[in-house]
Amino acid sequence: MRYAMAVDTKKCVGCSDCVVACQLENNVPIGYCRDWIVESTAGTYPELELEFRSERCNHCANAPCVRCCPTGASHIVEGGVVLVDPDACIGCGACIASCPYDARYTHPDGYVDKCTFCIHRVRKGQKPACVEVCPTKCLYFGDLDDPNSEVSIMLKTRDYKTLIPEAGTDPQLYFLT
Amino acid sequence: MKEELIISGRMNPRVDPNLSIWGWEIALYLFVGGLAAGILFFAALYYLMGKEKTFSTAVKWAPMAAPFLLIIGLSALFYDLHHKLYFWRLYTTIRLSSPMSWGAWTLMVVTPLSIIWSATYLPELRPGWRWRYRWLEQLAAFFIANRRTLAWIMVVSSAILGIYTGILLSAFNARPLWNTSILGPLFLASGLSAGAAFIMMISRNPIERHTFSKIDLLVIGVELFFIIHMFMGFLASSQVQIDAAGLFLGGPYTLPFWIFVVFIGMVVPALLEILELRGQRIPVFLPAALIIFGNIMLRFLIVYAGQASRYLY
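These protein sequence lines map, in sequence, to chains A and B.
One gets the numbering used here by counting positions in the first sequence from 1 and adding 1 to each.
One gets the numbering used here by counting positions in the second sequence from 1 and adding 559 to each.
Source of the hints: derived by calculation from the structure; they are not laboratory data.
Here the structure is a predicted model, which is why all the values come from computation and not from measurement.
Do not take every clue at face value.
Subject to a maximum C-alpha distance of 20 angstroms in a straight line, what follows is the list of computed SDA-like cross-link-like pairs (lysine to any residue) [said to hold, decoys possible]:
{"id": "1", "chain 1": "A", "residue 1": "128", "chain 2": "A", "residue 2": "109"}
{"id": "2", "chain 1": "A", "residue 1": "162", "chain 2": "B", "residue 2": "788"}
{"id": "3", "chain 1": "A", "residue 1": "138", "chain 2": "A", "residue 2": "161"}
{"id": "4", "chain 1": "B", "residue 1": "561", "chain 2": "A", "residue 2": "52"}
{"id": "5", "chain 1": "B", "residue 1": "561", "chain 2": "A", "residue 2": "150"}
{"id": "6", "chain 1": "B", "residue 1": "561", "chain 2": "A", "residue 2": "39"}
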């Protein structure tokens, strides 16, 4: 099993519903976020292209945060989802420094926190909160090992990119272009 | 020109807009850890070479500072933790892939060792010193009888401690400035040079002072070589590392690095030591203090600049 998420940048309008849904679902402290919107304008004037991306932890297959964690608090569960165990986390910050996506933060309670792919919902057969609420239906979540999952089909039929693949972390958040 | 303008909705404290997860606590620890490693390494080395008598400062006196330095460093590390009550979790597991786990265990070996080493020399340095209880007396006698074994463990573990201070940072590929394997040897060398400077500073024996002056000169040469090598490596690497080197080659950290670390912390003390070895009267305190100052600046600048270097996407 390999959980992954695809973000359709052609459909995303950057409304931040995913951000709000995540904050409510996961009780994210005010002033922090586990997912966020990036608005990128790229090109040579006047040939400019606007792209919205809903970003979060990439649940890397080669996760540097898990490797550098001194206590094993950062760990990998079913489907390659990277989680933090608050009761094992000492709040040293090594994983935060190790993440090229800066997807982690220190929770005000002291431990490190990040996107969980809403594994508590996925285990019940539901979709992650961000995917569930997206008004343009631009987020797809599923199992890459299942050729008929939504996310597998999107990656088969569409062009896509990952963010900074050159960092060597094998990210599992795909952006359909 | 092709450009990209990125607006991010993320504003997590201590992560955005620039990573600032590690501050003075880590830099201070890297400095005192390196200094203690240098002091203990020379103590064990000169003991094993059988030069306990001539190099009494290196073997007996200087290590007295190591437990205090290590306790300062450990306190800084503990102060930096955000989930402090769970710190014991470091010692319920061994994670071979995590440099910090290696470091935590190395400190677990080196800190008690430095205390034992110093304690076995206390009666020699303070005539009339008595261990209060009989069992302490016996314990001290046991360690004195096994000093050679202690020295062997110490020479290895202090070298690991010295290298570890650099590897801790170099293991992070997300921060291109830190992500160079030369950082381990560079921090080991700079820890050794600080240790030698410290011994030189408190020694009253001219032979010992001269020896450590020469050691310092040699190590400074090695350090300069490592620094040049580091920049050569960066500039021949990928764009993110070229940008990382740019922080020190024209970027915001250029002046502090080349003036405080390289000029005041390495070149000037090296020149002063050459003059002194040639018979000029130079107060030994001066080059030693400059070396230690340069050492502190190196750790601080690398810790802070590293967090300013990143992948852009």
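Here is what the structure says about each hint:
1. A:128 <-> A:109: violated (27 angstroms)
2. A:162 <-> B:788: violated (35 angstroms)
3. A:138 <-> A:161: The hint holds at about 17 angstroms.
4. B:561 <-> A:52: Satisfied, since the Cα-Cα distance of roughly 15 angstroms is no more than 20 angstroms.
5. B:561 <-> A:150: violated (37 angstroms)
6. B:561 <-> A:39: Roughly 19 angstroms between the alpha carbons, so the hint for residue 561 (chain B) and residue 39 (chain A) holds.
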